[in-house]
Amino acid sequence: MNEKVLMKGNEAFAEAAIRSGCRYYFGYPITPQNEITEYMSRELPKHGGSFVQAESEIAAINMAYGGAAAGGKVLISSSSPGIALMQEGFSFLCSTEIPLVILSVSRGGPGVGTIQPGQADYYQSTRGGGNGDYHLFVFAPSSIQEAVDMMARAFEIAEEYRNPVMIYVDGVLGQMMEPVILPKPIPAISGDEISKLRPWAMTGTGGKREHNVIKSLYLKPEELEARILDMDQKYQKAKNELVLCKTEGLKEAEIVFVAYGSTARITEEAIELLAEEGIKAGLIRPVSLWPFPYDVFDQIPDTVNAVISVELSMGQMIDDVKIGCRGRFPVSLSGRVGGILITPPEIAADARKALGVRA
Amino acid sequence: MTAVFQYTKGMLPEETTYCPGCTHGIAHRLIMEVLDEKGLLGQTIGVAPIGCSILAHHYMNVDMCESAHGRAPAIATGIRRVQKDKIIFTYQGDGDLASIGTGEIVQAAHRGEKFTTFFINNAIYGMTGGQMAPTSLIGQRTTTSAEGRDKDSAGMPIRMAELIATLDGAVFVERVSVDSPANIRKAKKAVQNAIEVQEKRLGFGFVEILSTCPTNWGLNPVKSLEWLRENMIPYYPLGTLKHPGEVK
Ligand SMILES: Cc1ncc(C[n+]2csc(CCOP(=O)(O)OP(=O)(O)O)c2C)c(N)n1
Ligand code: SF4
Chain A
19 MNEKVLMKGN EAFAEAAIRS GCRYYFGYPI TPQNEITEYM SRELPKHGGS FVQAESEIAA
79 INMAYGGAAA GGKVLISSSS PGIALMQEGF SFLCSTEIPL VILSVSRGGP GVGTIQPGQA
139 DYYQSTRGGG NGDYHLFVFA PSSIQEAVDM MARAFEIAEE YRNPVMIYVD GVLGQMMEPV
199 ILPKPIPAIS GDEISKLRPW AMTGTGGKRE HNVIKSLYLK PEELEARILD MDQKYQKAKN
259 ELVLCKTEGL KEAEIVFVAY GSTARITEEA IELLAEEGIK AGLIRPVSLW PFPYDVFDQI
319 PDTVNAVISV ELSMGQMIDD VKIGCRGRFP VSLSGRVGGI LITPPEIAAD ARKALGVRA
Chain D
60 MTAVFQYTKG MLPEETTYCP GCTHGIAHRL IMEVLDEKGL LGQTIGVAPI GCSILAHHYM
120 NVDMCESAHG RAPAIATGIR RVQKDKIIFT YQGDGDLASI GTGEIVQAAH RGEKFTTFFI
180 NNAIYGMTGG QMAPTSLIGQ RTTTSAEGRD KDSAGMPIRM AELIATLDGA VFVERVSVDS
240 PANIRKAKKA VQNAIEVQEK RLGFGFVEIL STCPTNWGLN PVKSLEWLRE NMIPYYPLGT
300 LKHPGEVK
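Chains A and D supply the protein sequences, listed in that same order. Following my numbering, the numbering of the first sequence begins with 19 at its first residue and continues without gaps. Following my numbering, the numbering of the second sequence begins with 60 at its first residue and continues without gaps.
Source of the hints: derived by calculation from the structure; they are not laboratory data. Given the structure is predicted, the values throughout are model-derived calculations rather than measurements. From the three backbone atoms N, C-alpha and C, an ideal C-beta is built for every residue, glycine too. Be aware that one or more of the hints could be misleading.
Here are the in silico distance ranges between beta carbons for each label pair [to be verified]: (1) D:60 with A:248: 26 to 36 Å; (2) D:65 with A:210: 32 to 42 Å; (3) A:64 with D:171: 33 to 43 Å; (4) A:59 with D:221: 28 to 38 Å; (5) A:64 with D:258: 35 to 45 Å; (6) A:248 with D:258: 37 to 47 Å; (7) D:197 with A:250: 45 to 55 Å; (8) A:174 with D:221: 47 to 57 Å; (9) D:144 with A:217: 40 to 50 Å; (10) A:133 with D:298: 42 to 52 Å; (11) A:147 with D:197: 50 to 60 Å; (12) D:293 with A:250: 28 to 38 Å; (13) A:254 with D:71: 27 to 37 Å.
Looking at chain A on its own, in the form it has when it is part of the complex (with noise of 0.2 Å):
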């Protein structure tokens, strides 16, 4: 059995990439996620990858593009307001269909805002602020180990559907430590194999095949929609395929919370605090933020009272969450924002206000 180790969350993401045969990093310093660079910086030399810290967030994701059009395993990661200028790039990537693995480590915004944690870049992981019609697929953890097992599913995710999947943690998940189970080291791949398994990638022509070409523009407008249509068979099949969802207590609910990444955790502990007092919650834990779990919601029983969306920020999750009730339940928000973590009395707090209950 693989042996268990203390880590701290930033630091396992990183091994955990290298070990799922990733061997190429760019980025740029930003808190709370700097231990993934450095540790990127010391380890991937010795496993013969590459590191190069970039100038600016928008090089670190071109870079990326480069190098995994190129055909290389790249991970890049970031927080908000470095990923807020790496969007350019992910709507490229997306549109090229070039495989990527995106670690997001988000802190509180908008702007500069606070290196504590928040979780207000869920409009910016699942709507994104690139340009055109296209998804990442994003998936949030809500425990170092969760966040470890997803990394080598994340590189298969993008190599199978050939479009970026990001890691959506907040800062809580990259600071923390925790004793984690690392994968089994998988083999990297390179030289010639490169262009055996990645037939698309820039490899050079070897004088042996017709050039390959990496492009998004289509001048055309009969040629583009042809495109975007394709591409929208991918997602719809996302849709069927890539949905993660966690729950519990559902059938003997009177109150129901949704949570995502560390808030999950928080809110547990809230909902054994409302069990102490004879109120039963459910819990519902997207995993994958999109495709999100609408379906899920249907599970809820119409007995339940209330619906509440558990966020570190002024309520973007929620949206999708009402889209999941379809107006079967009165839906509100609990949440703390400027980078202070909810606490499990102030949710059940708001449980109770949202049932009509005195303390």
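Given chain A, work out where chain D with the ligands should sit, using these hints.
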């Protein structure tokens, strides 16, 4: 009979979208000719810019990708890490390289990236319809400097080759022009040298190619060549600014 001129294998038999008299085509051909003569076409990867030459990959018979406006040097940096034994180049206009992408080109040169940048300076934004570029000359009329470029509000035209030459990572820097057969021959020599510098992995190579934009300059092709000679060359002097011999 010996053929004195024929198709170069690097250029695909496509009709280009360039306007009559535009010298983008000459620059394309020079690069592809050199790669063909050196037998490097199969080992070359190119990055096309945003600008009139966005479709360069349509004409050049090597693996290529498109880039976001100005980002080609960052993309080439990423390619270099994965494809260590290939010849890599970017092909960029002046809006692309000297405006939105100054950060990327300066930093790639500063890192001493082992690829070659071909910088097509036509002193104007061609693709978007003739707006002022950072390289537009003082007094040059463009759609965003209708009275002529004014130094007080727009600054002096930026000399990219000189700027790049100040960076230690750039080991080969030359400015050439494609306005006359003699200059075209010199331009080809510069391309050859730049590729050789890359083959030896000596550092970053930069070839600035003065080029025409008859359409947006509002001049016919012949007058455009004259305008380039009379106005651009005096401000953008031709010649080698740096070659590896100078670098310890
Ligand atoms: C982010 C972004 N901003 C602006 C544009 C619009 N744009 C397309 S080409 C171009 C200028 C290109 O000029 P230059 O690089 O000089 O090349 P030329 O067309 O003259 O060959 C601009 C501004 C764009 N495509 N993307
Ligand atoms: S607009 Fe200018 S640069 Fe563009 S193709 Fe026409 S002449 Fe050439």
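Against the structure, the hints come out as follows:
no.	hint	result
1	D:60 with A:248: 26 to 36 Å	violated, 50 Å
2	D:65 with A:210: 32 to 42 Å	holds, 33 Å
3	A:64 with D:171: 33 to 43 Å	violated, 23 Å
4	A:59 with D:221: 28 to 38 Å	holds, 33 Å
5	A:64 with D:258: 35 to 45 Å	violated, 29 Å
6	A:248 with D:258: 37 to 47 Å	holds, 39 Å
7	D:197 with A:250: 45 to 55 Å	holds, 50 Å
8	A:174 with D:221: 47 to 57 Å	holds, 49 Å
9	D:144 with A:217: 40 to 50 Å	violated, 19 Å
10	A:133 with D:298: 42 to 52 Å	holds, 50 Å
11	A:147 with D:197: 50 to 60 Å	violated, 38 Å
12	D:293 with A:250: 28 to 38 Å	violated, 54 Å
13	A:254 with D:71: 27 to 37 Å	holds, 35 Å
In this structure, the earlier hints numbered 1, 3, 5, 9, 11 and 12 are contradicted, and the remaining ones agree with it.
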